[in-house]
Each structure stands twice: as structure tokens, then as C-alpha cells.
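A.B. asks: Single-letter residue listing:
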Amino acid sequence: MTAAPRMRALGAVAALAVLPWLTGNAFLQHMMVLWAIYALLALSLNIIVGYLGELSFGHAAFFGIGAYTSALLSMQWGVPVWLGPFLGAIVAGAFGLVIGFVALRIVGPQFAILTLGFGAILHTITNYWVDLTRGPMGISNIPPFSLGPIALDFAQARNMYYVALVFLLGVAYVCHALMTSRRGRAFIAVRENPALAASIGIDVFATKLHGFVVATAIAGAGGALYGHYLRVITPELMSLQYVAALIIMVIVGGKGTIVGPLIGALVYVSLLEMLRAAGPLRLVVFAALLTACVIFLPGGLVSLWRRLRERRLAPEPAGASA
Amino acid sequence: MLKVRGLRVRYGQREAVHGLDLEVRAGEIVTLVGSNGAGKTTTLKAISGVLRASAGTVEFEGRRIDGLPPHAIIERGIAHVPEGRLLFKDMTVLEHLELGAIRAPRSAPAYRDRVQRAFELFPKLEERKDQRAGTMSGGEQQMLAIARGLMSAPKLLMLDEPSLGLAPIVVDTLADAIRNLHAAGIVILLVEQRVDMALRLADRGYVVETGRIVLDDRAEALLENPRVKEAYLGV
Numbered sequence: 007m008t009a010a011p012r013m014r015a016l017g018a019v020a021a022l023a024v025l026p027w028l029t030g031n032a033f034l035q036h037m038m039v040l041w042a043i044y045a046l047l048a049l050s051l052n053i054i055v056g057y058l059g060e061l062s063f064g065h066a067a068f069f070g071i072g073a074y075t076s077a078l079l080s081m082q083w084g085v086p087v088w089l090g091p092f093l094g095a096i097v098a099g100a101f102g103l104v105i106g107f108v109a110l111r112i113v114g115p116q117f118a119i120l121t122l123g124f125g126a127i128l129h130t131i132t133n134y135w136v137d138l139t140r141g142p143m144g145i146s147n148i149p150p151f152s153l154g155p156i157a158l159d160f161a162q163a164r165n166m167y168y169v170a171l172v173f174l175l176g177v178a179y180v181c182h183a184l185m186t187s188r189r190g191r192a193f194i195a196v197r198e199n200p201a202l203a204a205s206i207g208i209d210v211f212a213t214k215l216h217g218f219v220v221a222t223a224i225a226g227a228g229g230a231l232y233g234h235y236l237r238v239i240t241p242e243l244m245s246l247q248y249v250a251a252l253i254i255m256v257i258v259g260g261k262g263t264i265v266g267p268l269i270g271a272l273v274y275v276s277l278l279e280m281l282r283a284a285g286p287l288r289l290v291v292f293a294a295l296l297t298a299c300v301i302f303l304p305g306g307l308v309s310l311w312r313r314l315r316e317r318r319l320a321p322e323p324a325g326a327s328a
Numbered sequence: 015m016l017k018v019r020g021l022r023v024r025y026g027q028r029e030a031v032h033g034l035d036l037e038v039r040a041g042e043i044v045t046l047v048g049s050n051g052a053g054k055t056t057t058l059k060a061i062s063g064v065l066r067a068s069a070g071t072v073e074f075e076g077r078r079i080d081g082l083p084p085h086a087i088i089e090r091g092i093a094h095v096p097e098g099r100l101l102f103k104d105m106t107v108l109e110h111l112e113l114g115a116i117r118a119p120r121s122a123p124a125y126r127d128r129v130q131r132a133f134e135l136f137p138k139l140e141e142r143k144d145q146r147a148g149t150m151s152g153g154e155q156q157m158l159a160i161a162r163g164l165m166s167a168p169k170l171l172m173l174d175e176p177s178l179g180l181a182p183i184v185v186d187t188l189a190d191a192i193r194n195l196h197a198a199g200i201v202i203l204l205v206e207q208r209v210d211m212a213l214r215l216a217d218r219g220y221v222v223e224t225g226r227i228v229l230d231d232r233a234e235a236l237l238e239n240p241r242v243k244e245a246y247l248g249v
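Chain order of the listed sequences is E and H.
End of the first sequence sits at 328 in this note's numbering; the numbers just go up one at a time, nothing left out.
End of the second sequence sits at 249 in this note's numbering; the numbers just go up one at a time, nothing left out.
The set of hints was computed from the structure by calculation and includes no laboratory data.
In this text, all values refer to a predicted model and were calculated from it rather than measured experimentally.
In this text, a Cβ means the ideal position worked out from N, Cα and C, and glycines have one as well.
The following label-pair restraints were derived from C-beta to C-beta distances: (1) 19/H to 315/E: 56 to 62 Å; (2) 137/H to 184/E: 30 to 36 Å; (3) 29/H to 276/E: 57 to 63 Å; (4) 66/H to 291/E: 45 to 51 Å; (5) 201/E to 186/H: 28 to 34 Å; (6) 301/E to 247/H: 50 to 56 Å; (7) 10/E to 125/H: 28 to 34 Å.
Stretch-level coverage of chain E by chain H, calculated; a stretch enters the list once three of its residues show a Cβ under 8 Å from a Cβ in chain H: (8) 185-193; (9) 200-213.
Working from the sequences, and respecting the hints, build out all of it.
C.D. replies: In C-alpha cells:
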């Protein structure tokens, strides 16, 4: 990173850090927590969609696995809650490894359909394995996040925001470090031209599996945070509605970038609340948003900024088309 | 060094290579010439593991390599520079070199030395090391594709149509580079449609027609062969 982007990144981190102190409104703070968790999830899906170039319709299942893992471990076995996100990540990543190992043998639309199938299977199991998951009733009274001896009340949105923010920034940094490394370039090579990537010595399957496992593990951590924050989880977490939400965040924000999914999550969370009065019609708005983005703004909202900057930097085009 | 016996490769139902035999010995430049669709590229792809042969064997330094995945074959010391100088257009020269070094035999020199050698061979690339591949000229792109192949420190370099679509003067530079590589001890298997150029560079040549070797001789002899003259040299 050169000096200017680093300053911008630091500025953004500072702004995010002071954000919850700008308002005493508990509802706005609640929205900030939701944003941070969704942004974390969107970043994880972005590894699959943006970096590997595959589409996964099963991502919400890993989010749900993380949430259930952490909730059940802390409630039934008394595992310390702060371990939850890490254990959720390990279990979700393990599922990701097995599913990815099978599904990544094929790529493209067929892979997307396979993930849809695996996601639906996990959703169904969660729904019907009542002894373990309490089925459609879901699990309630999940203990709020805690840090052991540090006596902070993480049921409070402002405190929880910082927990989620730490995870979010950590993952954002990992994504950045990854994409400036040789490993990250191998990801891009595999996305752009798998045959060529293979011919220069990149193990395409192993590379995709690597990315998929990392993405599912992060989704698991996000799910754990989500469960301990909302304190109620149901199998609906694994449903297509959440899959669609995550895909909208990544595509509308801008896939293949780090800022994009963060913006996408912000758009999603804000619209969700602003349109609450519209009821199920919200989904129509989201569908329209996604469609419009794919047609008019394939690079997502972040590409607006890039376009703007290029226009400012470029000399007046002499009769060239815009 | 490289021995191909009875190689058959099929795309779906259609067989493109019907039992091809080929040998490359240490210290040689060998060329595989023939017209479009003769099966030259398919043969290279089968050797480098990108395509799987339906029958036949490929031996490299006395060990079977057919059936190995491409990255394992690169680790044995075979690099394949694909036809049409396939590059990632948004990646810079240095990024390509880094990717090319993702697999290499254990005995390979240090990464920095390999970059240094690639730049010595193609000084143009050093001038453009931070430039994106998509913005470079055809000749520079071909140089980069070869340099990327060299980053895996190969013992055998397979070049597929390196002269394709390049200006004659650039082709000359390329021919010099191939001679330099050969002088540095890299064995070369060259696939070309520019038969005259390929045969002038090579020690030995094979002529491929419709998936079979039809002629196989020393390069000078092939240049004088009436059949080659008539079919490929247009004299």
C-alpha cells in the first residue's frame, strides 16, 4: 500500500471506531452492529464470488452452522462465549472443506446449483433435528458475548459493535494481505483463466478449495457473533432469504473489492429498516436493485467512485465517447 | 530426456492425436511442425498434463509423467508456454513472473536470480516491469509469456507458436532468445507453423499431419526434403 491509500484506510478505521459515540440512539447503534456482522459475512462471500469467481448459494448455511455451533457449545457445554466465533469458524470451515471437496470438482453454474443443494440439505437438517437444534422453534436465551474476566456488557449494542468491528477489520486486513500476495494472484489467475492457471503450475482445485474453506470459516465466525448478539437463532438463518441478502450485498457493493461488500452491507441494512413499512415488498425492491446493478453497474457501487476519479483525472476527451 | 510413445488424445469422441511417437534428447532443440489442426498443440498439452492422454506413455528423465497433474509435471522440470501468449491482462510483468515461480523443482536457483536471468534475456521486460500485460505489444507479451515459463526453472521448455502474429523483426529477436536459452542449457521443444524458421533453429524436426508423425529427420535434411518444401516452404 502506498501512502495515500494507507492514510485513507486509517481514516476509515478511525471513523468506524468513533461512529457509535456520535449517537446515543440505541436503535442506530443496533443497526451499526448488524452492519458490521453483515459486512463480515459479505466479505467472506466475496472471497468466493469476487476472488475465485464462483457463485455460492449455500453461504447462509455456513453462517447458520457457526451460529448454532457457538450457541449450543456455550449453552450445553459451558464453553466460554468468547471462544464461540473461533469454534464456529472451525466447524463451519470443516463443513466447507467437505462440501468444497465434493462440489468444487465442477465449476460455474453447476457448482452454484450444487451449493444450493448442500445449503438446502443443511437447512433441512437443522429444521428437523429437533433434539439438537430445537427445530423451527430455534434457540433462544443465548448468552450474550463476553470476554471472561473483562466485565463489559456485550448485550449493549455499543460494546458489541466493537467486537464485530475487530473481526471485520481483521478479515478486511486478511483479504487485503491475501490479494497483494502471490497466493491472491493465484486466486485471480484461477478466476480469469483456469486452464492457463493450471498450465503455469497453479493447482486450480486446491486453490479454489483453499478460498472456499477460508470463506466458510469466516461466515461461521460471523454466525457466532450474530447468535450471541441477537440471542435468538432459528433455521431461517440458513434459508434462501439470507443467501439472497448476502449475494445482494456483494454484487451491489462491488465484488472483488474490500470496500464493496462493506458498502453493500450498509445499503442492505439501511434499506431493510427504511422499507420496513413496505413489508414483503422490500424483497421486490431488493430484486430490482440487484437487477439494476447487474445491468447498469456491474462493478457495483464502488465502481462509481472509480469512474468519477477517472473522469477527473482524464484530460477532456476530444469527441471521444464517454 | 523426453520420450513420448503411442500418444493418443481425444476431445470427446473425436481423436486428435493417433499414436504419436516423439523423442527429445538432452542438449537439443526439437521442432514439431505441421499445418493448422495437425495436433501439435494437443501433443504439447498432453505432455504438460493440461490434457489427459487416452493412451500412450510420456517419460521424462526416465520416469513416467503421464497422468500427473500439470503442477507436478512443472516440478519435474517441464514448462509449457501456451499458444497465443496467454497472459492475465491486468497483472503486471513482475506479478506474472511471481506467478510463474509458483512451482519449481527443488534444485531451482533463488527467485531473485531467476528474475534477474529473465530480465537479462529480455531487457525490455525490465523496463516495463510494473506495466500491465494487457498494455504491452504483442512481442513484449510473447517475451513475458516465455519469461513466465522460465520462472519455474525448467530443464525442458515447450514453446507453442511463439511467432504467431508477430512482426518479422520481433520474430528475429525471439529466435535469438531461443538460441540463448538453448546455449544456457535448456532443452527446447518448439511447435511452429513458420516451418522455415523452426527448422533453421532446430537440430531435429518432426512433421505432424492429422495427428501422426509423417516425417522425422535432422532439421537440415527436412529443409531439403521435397515433400516439406512443397507442402510447407512453398518452393
